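Chains as they are written, first to last, in the working numbering: chain V, 1 to 226; chain S, 1 to 117.
Just so you know, these hints were derived from the structure itself, not from any lab. Since the structure is predicted, the reported quantities are computational estimates derived from the model, not experimental observations. A virtual CB, placed ideally from N, CA and C, is assigned to each residue, including glycine. Keep in mind that a hint or two might mislead.
Counterexamples of contact, computed for chain S against chain V with all Cβ distances above 10 Å [said to hold, decoys possible]:
{"id": "1", "residue": "GLN46"}
{"id": "2", "residue": "TYR47"}
{"id": "3", "residue": "ASP49"}
{"id": "4", "residue": "ARG66"}
{"id": "5", "residue": "GLU78"}
{"id": "6", "residue": "ILE80"}
{"id": "7", "residue": "CYS95"}
{"id": "8", "residue": "SER105"}
{"id": "9", "residue": "ARG107"}
Once the Cα atoms are required to be at most 27 Å apart in a straight line, the calculated BS3-like pairs of lysine-lysine come out as [claimed, not checked]:
{"id": "10", "chain 1": "V", "residue 1": "LYS5", "chain 2": "S", "residue 2": "LYS32"}
{"id": "11", "chain 1": "S", "residue 1": "LYS20", "chain 2": "V", "residue 2": "LYS5"}
{"id": "12", "chain 1": "S", "residue 1": "LYS25", "chain 2": "V", "residue 2": "LYS153"}
{"id": "13", "chain 1": "V", "residue 1": "LYS10", "chain 2": "S", "residue 2": "LYS84"}
{"id": "14", "chain 1": "S", "residue 1": "LYS16", "chain 2": "V", "residue 2": "LYS103"}
{"id": "15", "chain 1": "S", "residue 1": "LYS112", "chain 2": "V", "residue 2": "LYS5"}
{"id": "16", "chain 1": "V", "residue 1": "LYS104", "chain 2": "S", "residue 2": "LYS20"}
{"id": "17", "chain 1": "S", "residue 1": "LYS25", "chain 2": "V", "residue 2": "LYS5"}
{"id": "18", "chain 1": "S", "residue 1": "LYS63", "chain 2": "V", "residue 2": "LYS10"}
{"id": "19", "chain 1": "S", "residue 1": "LYS72", "chain 2": "V", "residue 2": "LYS10"}
{"id": "20", "chain 1": "S", "residue 1": "LYS53", "chain 2": "V", "residue 2": "LYS153"}
{"id": "21", "chain 1": "V", "residue 1": "LYS160", "chain 2": "S", "residue 2": "LYS112"}
{"id": "22", "chain 1": "S", "residue 1": "LYS32", "chain 2": "V", "residue 2": "LYS160"}
{"id": "23", "chain 1": "V", "residue 1": "LYS160", "chain 2": "S", "residue 2": "LYS84"}
{"id": "24", "chain 1": "S", "residue 1": "LYS84", "chain 2": "V", "residue 2": "LYS153"}
{"id": "25", "chain 1": "V", "residue 1": "LYS10", "chain 2": "S", "residue 2": "LYS94"}
{"id": "26", "chain 1": "V", "residue 1": "LYS160", "chain 2": "S", "residue 2": "LYS94"}
{"id": "27", "chain 1": "V", "residue 1": "LYS5", "chain 2": "S", "residue 2": "LYS53"}
{"id": "28", "chain 1": "S", "residue 1": "LYS32", "chain 2": "V", "residue 2": "LYS10"}
{"id": "29", "chain 1": "V", "residue 1": "LYS10", "chain 2": "S", "residue 2": "LYS25"}
{"id": "30", "chain 1": "S", "residue 1": "LYS16", "chain 2": "V", "residue 2": "LYS5"}
{"id": "31", "chain 1": "V", "residue 1": "LYS160", "chain 2": "S", "residue 2": "LYS72"}
{"id": "32", "chain 1": "S", "residue 1": "LYS53", "chain 2": "V", "residue 2": "LYS10"}
{"id": "33", "chain 1": "S", "residue 1": "LYS112", "chain 2": "V", "residue 2": "LYS10"}
{"id": "34", "chain 1": "S", "residue 1": "LYS94", "chain 2": "V", "residue 2": "LYS184"}
{"id": "35", "chain 1": "V", "residue 1": "LYS184", "chain 2": "S", "residue 2": "LYS63"}
{"id": "36", "chain 1": "V", "residue 1": "LYS5", "chain 2": "S", "residue 2": "LYS63"}
{"id": "37", "chain 1": "V", "residue 1": "LYS184", "chain 2": "S", "residue 2": "LYS72"}
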Amino acid sequence: MGDIKLIEVKEDILADNDAAAAELRERLKKEKTFMVNLMASPGAGKTSLLLQTITALKNDLRISVIEADIDSIVDAEKIAETGIQSIQLRTGGFCHLDVSMVKKGLEALDTDSLDLIFIENVGNLVCPAEFDTGATIDIMILSIPEGDDKPLKYPLMFSKCHALIVNKMDYLSLSDFNVDLMEKRVRKLNPDIEIFKVSCRTGEGINSWAKWLKKTVADSLAEKNP
Amino acid sequence: MHELPVTERVLDIVLKHAEKNHVRKIVSITLKVGELSDLESEWIQQYFDYLSKDTVAGGAVLKIERVPIVLKCGQCAESITIRKDQLGDTTCPKCSATGNFSIESGREYYIKEMEAE
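When you get a sec, could you build the whole thing from the sequences and use the hints?
Right, here's the structure in full:
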């Protein structure tokens with residue numbers, strides 16, 4: 001046995017990813033492309049929301065989608081039916097996307113000629129919350145059947161998103177979901193979050209969400225580069 | 001849930017420091033992980049044992065220090081240490097505000113130090 005010495009490391013495990021994310025955000029800003037990281041549980045309606053949003057905005061904005069799925073291409077096929085370019089990333093078992101995976105998706109897109117890129121993250125409220133993707137904003141969906149207690153169970157996710165889409169509002173009368181209580185719980189974690197109540201099935205509420213997104217994209221793209 | 005990629009990063013970083021310090025064997029590694037993270041200590045150790053097998057870090061013990069969740073009150077700037085299950089239901093002990101808190105700590109993923117021969 002030799003002498004044991006203590007070595008100070010003091011390194012952040014996520015520092016590389018965080019630095020790459022900041023760099024990617026800067027690059028997309030220069031290219032005047034807005035990127036949205038969409039996160040939710042499996043079945044909350046990520047692909048349905050994208051289909052509705054694309055329909056609402058495709059005449060105003062040039063849109064593409066990066067789909068992440070552990071091992072299937074069904075989502076990308078649905079998006080392709082709208083006539084929008086979509087890239088499927090198979091994460092091969094990974095529970096979240098990080099910057100290096102997002103960049104692989106971007107390589108297949110001509111980002112310079114796009115206004116808006118959606119990343120459909122892996123369906124999961126835990127891991128995607130911890131890894132910056134380099135997106136301009138983070139958006140999440142909570143659907144009514146999941147329950148109003150989700151902000152208590154997944155606080156990190158609710159605390160980092162710029163907007164929350166409450167989907168499947170058409171199911172509300174069939175459930176004991178308390179919208180006011182949920183909203184109160186979310187606002188405690190994240191007072192500035194925008195909340196939109198929608199039903200991707202009936203189209204209810206999609207307009208006000210799409211209008212907000214369009215304005216947020218326009219405001220961001222109008223900002224002068226430093 | 002994402003212990004594997006995190007463990008890979010830990011190994012990369014400690015091996016870099018081992019080389020810089022001409023280390024023969026890493027005995028232990030101290031990580032600081034925020035209470036907000038769902039990282040499972042047991043899994044990290046198992047993945048680490050597997051990944052580090054043929055390196056100077058093989059057999060090293062991972063010590064995980066949890067960093068508490070600290071919120072900052074948006075109204076009076078008081079720092080409040082809470083448990084994870086109190087997150088959605090916090091009241092500021094100083095000014096009684098029940099909302100508008102920002103997270104000051106609890107998200108850390110940090111390698112503090114390592115012991116080596």
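How the hints compare with the structure:
1. GLN46: holds (17 Å)
2. TYR47: holds (13 Å)
3. ASP49: Non-interface label stands for S/ASP49: nearest chain V Cβ at 18 Å, farther than 10 Å.
4. ARG66: holds (15 Å)
5. GLU78: holds (15 Å)
6. ILE80: Given a closest Cβ separation of 12 Å, the condition holds.
7. CYS95: holds (15 Å)
8. SER105: holds (13 Å)
9. ARG107: S/ARG107 not clear of chain V: closest Cβ-Cβ about 7 Å, inside 10 Å.
10. V/LYS5 - S/LYS32: OK: V/LYS5 and S/LYS32 at ~19 Å, within 27 Å.
11. S/LYS20 - V/LYS5: The given pair, whose Cα atoms are some 14 Å apart, holds under the 27 Å limit.
12. S/LYS25 - V/LYS153: Violated, at roughly 40 Å.
13. V/LYS10 - S/LYS84: Roughly 25 Å between the alpha carbons, so the hint for V/LYS10 and S/LYS84 holds.
14. S/LYS16 - V/LYS103: Within the cut-off at roughly 25 Å; holds.
15. S/LYS112 - V/LYS5: Holds, at roughly 14 Å.
16. V/LYS104 - S/LYS20: Judged against 27 Å, a Cα distance of about 32 Å means the pair is violated.
17. S/LYS25 - V/LYS5: holds (10 Å)
18. S/LYS63 - V/LYS10: Holds. S/LYS63 to V/LYS10 sits at ~14 Å (cutoff 27 Å).
19. S/LYS72 - V/LYS10: holds (24 Å)
20. S/LYS53 - V/LYS153: Judged against 27 Å, a Cα distance of about 36 Å means the pair is violated.
21. V/LYS160 - S/LYS112: holds (25 Å)
22. S/LYS32 - V/LYS160: Answer holds: S/LYS32 to V/LYS160 is near 21 Å, not above 27 Å.
23. V/LYS160 - S/LYS84: holds (16 Å)
24. S/LYS84 - V/LYS153: Between S/LYS84 and V/LYS153 the Cα gap is close to 9 Å, so the pair holds against 27 Å.
25. V/LYS10 - S/LYS94: Violated - the C-alpha atoms of S/LYS94 and V/LYS10 are around 34 Å apart, more than 27 Å.
26. V/LYS160 - S/LYS94: OK: V/LYS160 and S/LYS94 at ~25 Å, within 27 Å.
27. V/LYS5 - S/LYS53: At roughly 21 Å apart (the allowed maximum being 27 Å), S/LYS53 and V/LYS5 satisfy the hint.
28. S/LYS32 - V/LYS10: holds (10 Å)
29. V/LYS10 - S/LYS25: holds (19 Å)
30. S/LYS16 - V/LYS5: With a Cα-Cα distance of about 16 Å, the restraint between S/LYS16 and V/LYS5 holds, given a limit of 27 Å.
31. V/LYS160 - S/LYS72: holds (15 Å)
32. S/LYS53 - V/LYS10: Given that 27 Å is the threshold and the Cα spacing comes to 23 Å, the pair holds.
33. S/LYS112 - V/LYS10: Roughly 5 Å separates the two Cα atoms, so the pair holds.
34. S/LYS94 - V/LYS184: holds (21 Å)
35. V/LYS184 - S/LYS63: violated (37 Å)
36. V/LYS5 - S/LYS63: This hinted pair holds, its Cα atoms lying about 16 Å apart.
37. V/LYS184 - S/LYS72: holds (18 Å)
Going through the hint list in order, the structure does not satisfy hints 9, 12, 16, 20, 25 and 35.
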